[in-house]
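Listed in order, the protein sequences are those of chains E and B. In terms of the numbering used here, the first sequence opens at residue 1 and continues consecutively. In terms of the numbering used here, the second sequence opens at residue 1 and continues consecutively.
Warning: the hint list may mix true and false statements.
[What the hints assert, rightly or not] Think about it this way: if two alpha-carbon atoms lie no more than 25 Å apart in a straight line, the pair counts; the simulated DSS-like pairs of lysine-lysine are:
#	chain 1	residue 1	chain 2	residue 2
1	B	K16	E	K207
2	B	K14	B	K3
3	B	K71	E	K67
[Unchecked claim] Over the 12 Å line for every Cβ pair with chain E, so calculated as not near, a few chain B residues:
#	residue
4	M1
5	R2
6	K3
7	K8
8	L13
9	K14
10	I73
11	E75
12	I76
13	E77
Derived from the structure by calculation, the hints contain no laboratory data. In this text, a Cβ means the ideal position worked out from N, Cα and C, and glycines have one as well.
Residues per chain are reported as follows:
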Amino acid sequence: MIEKIFLLGNPNVGKSVVFSRLTGVHVISSNYPGTTVEVSKGYLTIGEEKIEVIDLPGTYSLEPTSKAEEVVVSLLKEYPKDKSVVINILDATNLERNLFLTLQLIEEGFSVIVCLNMCDDAMHRGVHIDVEELEKLLGVPVISTCAVTGVGIKLLKERIKEAHPNPKNKLTHEARWQEIGKVVETVQRLTHRHHTLREILEDASLKPLSGILISCVIVYVSFKIVRFLGELLINKIFDPLFLDIYQPVLERLSITLGQKGFIHHLLIGELINGKIDFKQSLGILTTAPYIEFAMVLPYVVSFYLILSLLEDIGYLPRLAILLDNLLHRLGLHGYAIIPVLLGFGCNVPGILSTRVLESKRERFIASTLISIGVPCVPLQAMIFGLLGSFGGFYVGGVYLVLFSVVIIIGFILNRLLPGYSPELLIEIPPYRFPPLLILAKKLYFRIKGFLMEAVPIVLLGVAAINILLYYRLFNFVTGVFAPLVQGLFGLPKEAVVALVIGFLRKDVAVGMLAPLGLSAKQLFIAATLLAISFPCIATFVVLLKELGLKYFINAVLVMIAVSIVVGSMLNFVILR
Amino acid sequence: MRKISLIKIRENLKAKVLEISGGRILQHKMMSMGIYPGREITKLSHFALRGPVAVRVGRSVLALGHGVAAKIIVEIE
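With the hints as constraints, model all of the structure from the sequences given.
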């Protein structure tokens, strides 16, 4: 009787894609090691039985060397072996390295079924594997699949029940590699092929000179496309929709409500020169949907389109090798660029993915730097929206300040914290070209995730602010913080409300700055402070969960100190 | 035959791993990723200023921090 099926394999062999195929549950998959840092569960029905399927982060062996691997091994070992099946997923293009874990699993007495994934890619690269012979040598079922297209998944489901323990003598690591050598020798045949353009590009992105050149081009082009697509969506779709179709409806509603009173204040907000202004009115039906749909959503779409594409092609780990040197000075190693890039979308997945880093020290530094210096898409969209009209100098300035803060804080933390950080040790995946359908699906789930998270908070947030403003309940808070904000940062005391609201969601907070009529300098300082001071509440919760209370308090202290220092420096020294 | 650290050899050179002169955890991690004594590896690139090193091991490419690469002792012709 099988009660659980574990999906196990080396990092980046396509476990999550197989998981989605087996259970119909969508999980994010990409082409780099460490995409999955959390355990996902789903169900597979075989005949009458409903069996739980568990997608695990990748691991190279059964002796863990990172937090993600620890989770895997403890989950696997605490469950009775006779009630579980391990689907061991292998990358067929890299049979030799993958077999190390396979042999370990068989030796330990797990009921193993081998899923030889990425068979199409193996063919392209001239790797031919004799599946029947491999099955005979290993003594467990072997099925070749291509999970992205679904080939072989049906057969895999049919043969799950054939998995049975076939324990062998435990080998030393050296002996195991010798054994693997013999197996590979027998079952694998390589046809010699000329270097393809893909392989030339793969190598070029790893060399210092060509690698840096390629990365500059990719980063520049990505940035341009994100902006272009975002602006296109705003100007051609969302702005016309709001201004031409939605606004007349609201104007009529406003007149019906008598243009004043509590309900009007709550739904429509303030009229600016007798008209509704989507950026300044601050009502549940006006500014709240406009911020989310017409200012932030377009950039969420364009950002995740480009990020997903780069993820699936397999470019991101190449940035790790280019940035290793710099990040090393900050107490991190090159692979920390992955959480940072995810953090530019939203800090929450960014901080979660710091689990790819080995030590607590690294994860503390990375999480703190992300929550201070990496602005998420909603925040960036609002910074562009607010400061863009004053010229690129101000927008660029915010980024420059954030970048400098990250470098300085990282450098200081690396000096102050005891211990040292481990070195870079990762696998660089080959380039792959994902089927467009898979890419579209991932984009859809990310956008859906954003909307589900953002829309309720924004609506409730704006409602709460309106009620508090209407009854003047903010006066106490503004009163307490006014000396700090006015004296040190040069901001009007109304800005306190925005900074406090930033705790809820960054985009709403920046939206609250718009009606204050701030000068360019004040907006610059306020936007920067919103970025570097506390992250939003969702990030806070994840930060506490990932770091534990002690490190969390340290992170918060760093945030407070940095905000005060940077805010007053900008006010008194840099921008005069 | 010469015993030499991986960081000391030229790019695009093939070499045979002799030993990993690090702690048990590092040796173990390397081992499970396919770098073990007797394995032939090719150095692909090396970044300046004590930067990382990329090597080809079998059919995979690994990126190693400078400190890790320094601990891999190889043998060249």
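Outcome of the hint check:
1. B/K16 to E/K207: 22 Å, holds
2. B/K14 to B/K3: Satisfied, since the Cα-Cα distance of roughly 13 Å is no more than 25 Å.
3. B/K71 to E/K67: 24 Å, holds
4. M1: Non-interface label stands for B/M1: nearest chain E Cβ at 21 Å, farther than 12 Å.
5. R2: 23 Å, holds
6. K3: 19 Å, holds
7. K8: 17 Å, holds
8. L13: Given that every Cβ of chain E is farther than 12 Å from that of B/L13, nearest at about 14 Å, it holds.
9. K14: Check passes; 15 Å lies beyond 12 Å.
10. I73: B/I73 is indeed farther than 12 Å from all Cβ atoms of chain E, at 16 Å.
11. E75: Fine: 17 Å to the nearest Cβ keeps B/E75 off the interface.
12. I76: The claim stands: B/I76 keeps its Cβ more than 12 Å from every Cβ of chain E (closest is about 21 Å).
13. E77: Consistent with the label, B/E77 stays out of reach of chain E, its closest Cβ about 22 Å off (over 12 Å).
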